[in-house]
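S.K.: Line order of the protein sequences matches chains U and D.
Its first residue numbered 301, the first sequence is counted upward by one per residue in this note's numbering.
Its first residue numbered 106, the second sequence is counted upward by one per residue in this note's numbering.
Any given hint could turn out to be false.
Covered by chain D, per the in silico footprint, the following chain U stretches (three or more residues, Cβ under 8 Å) [as the list claims (entries may be wrong)]: (1) 554-562; (2) 597-608; (3) 826-840.
I should point out that these hints are in silico values taken from the structure, not numbers from a laboratory.
Computed from a prediction, not measured in an experiment: that's the story for all the values here.
Note that CB positions come from ideal geometry on N, CA and C, so glycine has one too.
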Amino acid sequence: MSRPTVIIWLALGLAAGWAGPRGQAAAARAAGPAIELPPMMVEESVSSVPWLHANVGGAEFLSRCTVTTTRQFIEAWLAQMQLVRALVPGEFLARTDVPEVLVLYSQGLEQTISADIQRELQARDESGGEGRRGERVNIAPNMRLADRDMHASIVYIDEAQFNAAGLGIAPSHVRFLLKGRVPELPGWLVEGIERAWHRADLALNPITLAPLLWHSERESDALASDPTHPRALLPASELFAPEAVRAVENRHPRRAAARRATQELFFRWAIVTGGATREALWKFAARAAEGPVTEEFFEACFGFDFAELRDRLSDYLPKAVQETAWISPGALPPLPRFEVKNATPGQIARIRGEWERLAVGHVHRRLPQVREPYIAQARRTLRRAYDAGDRDPRLLATMGLCEIDAGNPAGAGSFLEPAVAAGVARPRAYHELALLRFAALREGAPAEQRFSFTELAPVFQPLQRALGQAPPLPEVFALLAEAWALCTLPPSPAEWTELERGARLYATRAEVAYPIALALARHGKKAEAAAVLDACAGAATDKATETEIRALRAELAAAQ
Amino acid sequence: MRMPLLRFLAVTLGAAGAARAASLEDRVEALFRPPLGEWIALSPEGQRVAYTTQAGGELALVMMDLEQSRRRKTVAVAPDRDAGPPPDASRPPTQLRFLRWATESRLVYAPVVRVVPLPPVADASGRPLPNPDGPTVLSPIMATDADGRQRGTLVDARDFQEVPEEARRSLADFLRTPTELAARRKGEPVRWRMPHLDILGFFPRDRDQLIIGTRGAYSMPLRHLVDIRTGHVQAYGEDWPAPPGEPHVYDWFRLKVVGERQPAAQPTTLWQDEDLGRAQRELGAKFPRRIVELLDWSETRTRVLFRVTGGSDAGRFFVWQRPEDVVLEILPRAPWLPAAKLHETRWFEHAAPDGARLSAYLTWPRQPRAGPPPLLVVFPTGFPGGAQPAFDPEAQVFADLGFAVARLNHRSVAGVRPEDEAALRAALDRVSVDDALTTIAGIAARDQDRPFDRKRVAVLGRGFGGYLALRALQLEPGMFRCGIAIDAPLEPFAPDIARAIPAALLEPDASGGKKLSVLAQAEALTQPVLLLVEPGRSEGSAADMEALRTQLQRLGRPPEHVSLDPGSAAARTAARAAVYRKMEAFLTLHLQNFSVTIGPTKEVP
Numbered sequence: 301m302s303r304p305t306v307i308i309w310l311a312l313g314l315a316a317g318w319a320g321p322r323g324q325a326a327a328a329r330a331a332g333p334a335i336e337l338p339p340m341m342v343e344e345s346v347s348s349v350p351w352l353h354a355n356v357g358g359a360e361f362l363s364r365c366t367v368t369t370t371r372q373f374i375e376a377w378l379a380q381m382q383l384v385r386a387l388v389p390g391e392f393l394a395r396t397d398v399p400e401v402l403v404l405y406s407q408g409l410e411q412t413i414s415a416d417i418q419r420e421l422q423a424r425d426e427s428g429g430e431g432r433r434g435e436r437v438n439i440a441p442n443m444r445l446a447d448r449d450m451h452a453s454i455v456y457i458d459e460a461q462f463n464a465a466g467l468g469i470a471p472s473h474v475r476f477l478l479k480g481r482v483p484e485l486p487g488w489l490v491e492g493i494e495r496a497w498h499r500a501d502l503a504l505n506p507i508t509l510a511p512l513l514w515h516s517e518r519e520s521d522a523l524a525s526d527p528t529h530p531r532a533l534l535p536a537s538e539l540f541a542p543e544a545v546r547a548v549e550n551r552h553p554r555r556a557a558a559r560r561a562t563q564e565l566f567f568r569w570a571i572v573t574g575g576a577t578r579e580a581l582w583k584f585a586a587r588a589a590e591g592p593v594t595e596e597f598f599e600a601c602f603g604f605d606f607a608e609l610r611d612r613l614s615d616y617l618p619k620a621v622q623e624t625a626w627i628s629p630g631a632l633p634p635l636p637r638f639e640v641k642n643a644t645p646g647q648i649a650r651i652r653g654e655w656e657r658l659a660v661g662h663v664h665r666r667l668p669q670v671r672e673p674y675i676a677q678a679r680r681t682l683r684r685a686y687d688a689g690d691r692d693p694r695l696l697a698t699m700g701l702c703e704i705d706a707g708n709p710a711g712a713g714s715f716l717e718p719a720v721a722a723g724v725a726r727p728r729a730y731h732e733l734a735l736l737r738f739a740a741l742r743e744g745a746p747a748e749q750r751f752s753f754t755e756l757a758p759v760f761q762p763l764q765r766a767l768g769q770a771p772p773l774p775e776v777f778a779l780l781a782e783a784w785a786l787c788t789l790p791p792s793p794a795e796w797t798e799l800e801r802g803a804r805l806y807a808t809r810a811e812v813a814y815p816i817a818l819a820l821a822r823h824g825k826k827a828e829a830a831a832v833l834d835a836c837a838g839a840a841t842d843k844a845t846e847t848e849i850r851a852l853r854a855e856l857a858a859a860q
Numbered sequence: 106m107r108m109p110l111l112r113f114l115a116v117t118l119g120a121a122g123a124a125r126a127a128s129l130e131d132r133v134e135a136l137f138r139p140p141l142g143e144w145i146a147l148s149p150e151g152q153r154v155a156y157t158t159q160a161g162g163e164l165a166l167v168m169m170d171l172e173q174s175r176r177r178k179t180v181a182v183a184p185d186r187d188a189g190p191p192p193d194a195s196r197p198p199t200q201l202r203f204l205r206w207a208t209e210s211r212l213v214y215a216p217v218v219r220v221v222p223l224p225p226v227a228d229a230s231g232r233p234l235p236n237p238d239g240p241t242v243l244s245p246i247m248a249t250d251a252d253g254r255q256r257g258t259l260v261d262a263r264d265f266q267e268v269p270e271e272a273r274r275s276l277a278d279f280l281r282t283p284t285e286l287a288a289r290r291k292g293e294p295v296r297w298r299m300p301h302l303d304i305l306g307f308f309p310r311d312r313d314q315l316i317i318g319t320r321g322a323y324s325m326p327l328r329h330l331v332d333i334r335t336g337h338v339q340a341y342g343e344d345w346p347a348p349p350g351e352p353h354v355y356d357w358f359r360l361k362v363v364g365e366r367q368p369a370a371q372p373t374t375l376w377q378d379e380d381l382g383r384a385q386r387e388l389g390a391k392f393p394r395r396i397v398e399l400l401d402w403s404e405t406r407t408r409v410l411f412r413v414t415g416g417s418d419a420g421r422f423f424v425w426q427r428p429e430d431v432v433l434e435i436l437p438r439a440p441w442l443p444a445a446k447l448h449e450t451r452w453f454e455h456a457a458p459d460g461a462r463l464s465a466y467l468t469w470p471r472q473p474r475a476g477p478p479p480l481l482v483v484f485p486t487g488f489p490g491g492a493q494p495a496f497d498p499e500a501q502v503f504a505d506l507g508f509a510v511a512r513l514n515h516r517s518v519a520g521v522r523p524e525d526e527a528a529l530r531a532a533l534d535r536v537s538v539d540d541a542l543t544t545i546a547g548i549a550a551r552d553q554d555r556p557f558d559r560k561r562v563a564v565l566g567r568g569f570g571g572y573l574a575l576r577a578l579q580l581e582p583g584m585f586r587c588g589i590a591i592d593a594p595l596e597p598f599a600p601d602i603a604r605a606i607p608a609a610l611l612e613p614d615a616s617g618g619k620k621l622s623v624l625a626q627a628e629a630l631t632q633p634v635l636l637l638v639e640p641g642r643s644e645g646s647a648a649d650m651e652a653l654r655t656q657l658q659r660l661g662r663p664p665e666h667v668s669l670d671p672g673s674a675a676a677r678t679a680a681r682a683a684v685y686r687k688m689e690a691f692l693t694l695h696l697q698n699f700s701v702t703i704g705p706t707k708e709v710p
């Protein structure tokens, strides 16, 4: 089978895929949009190429490339992540206690789809029914799939052309890392960094930022030749507007373009200016992640006000479109030592099974009619290790989550209970188990029924343990607050602190803020409840939560 | 006693001065270079803007397309039918009195009128008499296409030259132009006058027709329509009011006053038009702590041209594209002065003990010399005077030299408060000096982590501000170490002061005004002063300052004195830089002398 030459970008899903060469791509464009399905790995029985395993830098690698390629890839990945942190301090990137998974697959190997999936796809094509008209199905050669507490990537590598020095972290992956940060970073920062990343070359030392592209080559050239060429920058008060304000701002394409361009320019300016300005950026960004920022705070960080920032950015722009900027990453620590070993059957099954489990959610969203074969394959893979006697808590947690994702919560408990009991690093597993216990407790009870602390303790315990792991999931805080709202006993000061942390980390998430406010209100902390609701005022939410918030506000107002 | 120090400083300054001379001149040239866009106009659909610039000492117009290419086209403002005498080479460049787009592609502009009297004539006995003809009025109204083509004078005053009614003796005479009439009356003089041309606006249903008015010749004021494509003139019988000038803001599309510029410490417009008021508020929110001035707008007001000043920047022009809510920066007023290279300037406002609002701009040196910088307090030029401008080149020069500069506004800048009248009438100088002290204390209290050197505070002022600077030295010698007065009248009832100050505030008291006089209290002027006089600017002030100089010499405290180059030469970069060097030398000498005890100087025989 012929495949296109794959330019590897770490953890980046590339569009060129199963369907192959350019001619097919052109045909694909003519035929309409393609649905990309996660690649499936061949059964062990089909191929004799060994799986390799390495665990380093907060990631687990499962590779079916050669040892040399695998090692080079991992070293490049580690080096690139160091450079990412040189540009964006680690505290602004997603942090997770669950290792990231990277599956490396050699393009020289055959890639197959399970017979079940092939049958489903064929049936879909023949019926032409359920799929949207004109959609094709491709198997993506590279893809990143994420759950709420971890993510995994699969990378197909053409080993004949593989050059580790050419690897880079894709802007979309940087965005993913930024978006996963808690408290959530403001949109202007995430989008600014992502756009600036398109101009960054981290393969070079020092890090190289190509000249800024201001809207188009033509506009950039005009600015380069005439520094007074007209330009539209967003005023700083709008650039740093809270998400709630951004959600309702003018959506005109020219304004949206001005926003994108200004965000990129601001980040670039702050990074390239370096020194105190770069420090000011991160100080300002950290505060912006916790709530709306004021001009006074900006001035305290940067030493000048909003209007002057706009002026400085405008003055920097003609230079930015011409300059290639070099940023020294500073002294980087040596790469951690690691070993590439043959993978055990348990490692293969667990990591592959994790990937296949993650694929279920992706397929469910894009092509639900082939979801069942994906579930079946994930179960099959995971079961293989389990049946062989493997009781690794990570395997058990994945099996439990697989059952949850498959819509079989009843079958999840038997895996989640021992995984949680063993202290697995998997926040979602704790949440799902607490959810199962909470549902069981409330089954058949009136909606407003309150429970004793003893009755709710099995719910609280896993949630409180989940809060000690990264990332702190919003749904953990929400469920914890929901349970406290129904508890006859008020939380202790330490337990209130847990809820306050949730309110601070997810201040603008109504689905978290509402249950916390409800818990506060139910235990007599009306003013605090109102403050939590005020903090998320204007944030986007669904109708049901909006109705609940309105009712709670009325209740609080009536109590005054 | 001071001579060794003086020599030491002179040597030091001489060496440093030689090294910095060129850079100071460059800096002065850049800071005082005429800014772009002293006149600026937006086209009726908001797609084009035209603004003035000075290129090589000549006024030019730049036209820019904001929507497509955003290219600029520059054309010189040079009246092509200027029959008058050539302009004096030393005169400042031509200025405009009118600039507006008639249509989307045709711009109308008019240089400032020049009135050139004719030479006197001699009577029979040879005595000179005023010329009964003329004067020659040079009042061209010009137009150009947006691409710079089809450019030229549409009409000029001489096109409307008139002769007295009695000079037309027949029906045929009424059909002859004055020139034809004069040619026909060989040897017999025909009197003539040129009218002034007033530009009144564009004809609403046909903006290719410019409405002008003529006045000042023999006939009654008349209205005419001028075709802006051809220059063809036709009489317009309707009355058409002249648009009101400042402080009114006139909407040239809706033909009505829509706002009024208010006297205030910072430029403010009171909008009578709700939509423009809303635009002002929204733009104010986009540029907090800045002065936003709406200058022009498109016919539908979907495009609004405005200027932003304040902060450290020299100012910029923007067009607000309202449906898109995009603010397009079209022009910095001084692109050669990037904000990052200017010293930070902040607006400062606080309350005096009696509740009056005091305000100032504080410019802070980016690189102060060792230790807290000295403070230079600049009094406003008039009373109450115009508000201090947000950007002041001179403050930047002094900040370059390491000074923090506080430019004060009078408490009465927005108008005299009734409750201030008694105090001002009693001691106008005392009120201003007390306000200066309050402001200095306020600045010190506000920025405690960025102190200035309170032992090194100097004063500076021009005109009435120079008078106040000297009074400050007399009244508060313990606070102010030295001062610079430029063209300052020194007697309270001198014409230069009396003209500026409301009569009600300047009543002679029992002392006959001596309490307010710098000259009458010359012995109280114990701190060093530098007197700068521009010959010819104000004879009264020059005489006052010469008298002060004489008195101080007599008292054994001869002031430093500099006679500036007269007239426009003072505006030349080299001359200007030389003056600042002298000021720097003076301030450095008298502020850096650590051994001097703060307080009145004691004379030692």
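S.K.: What are the numbers of the hints the structure violates, in ascending order?
M.R.: 3
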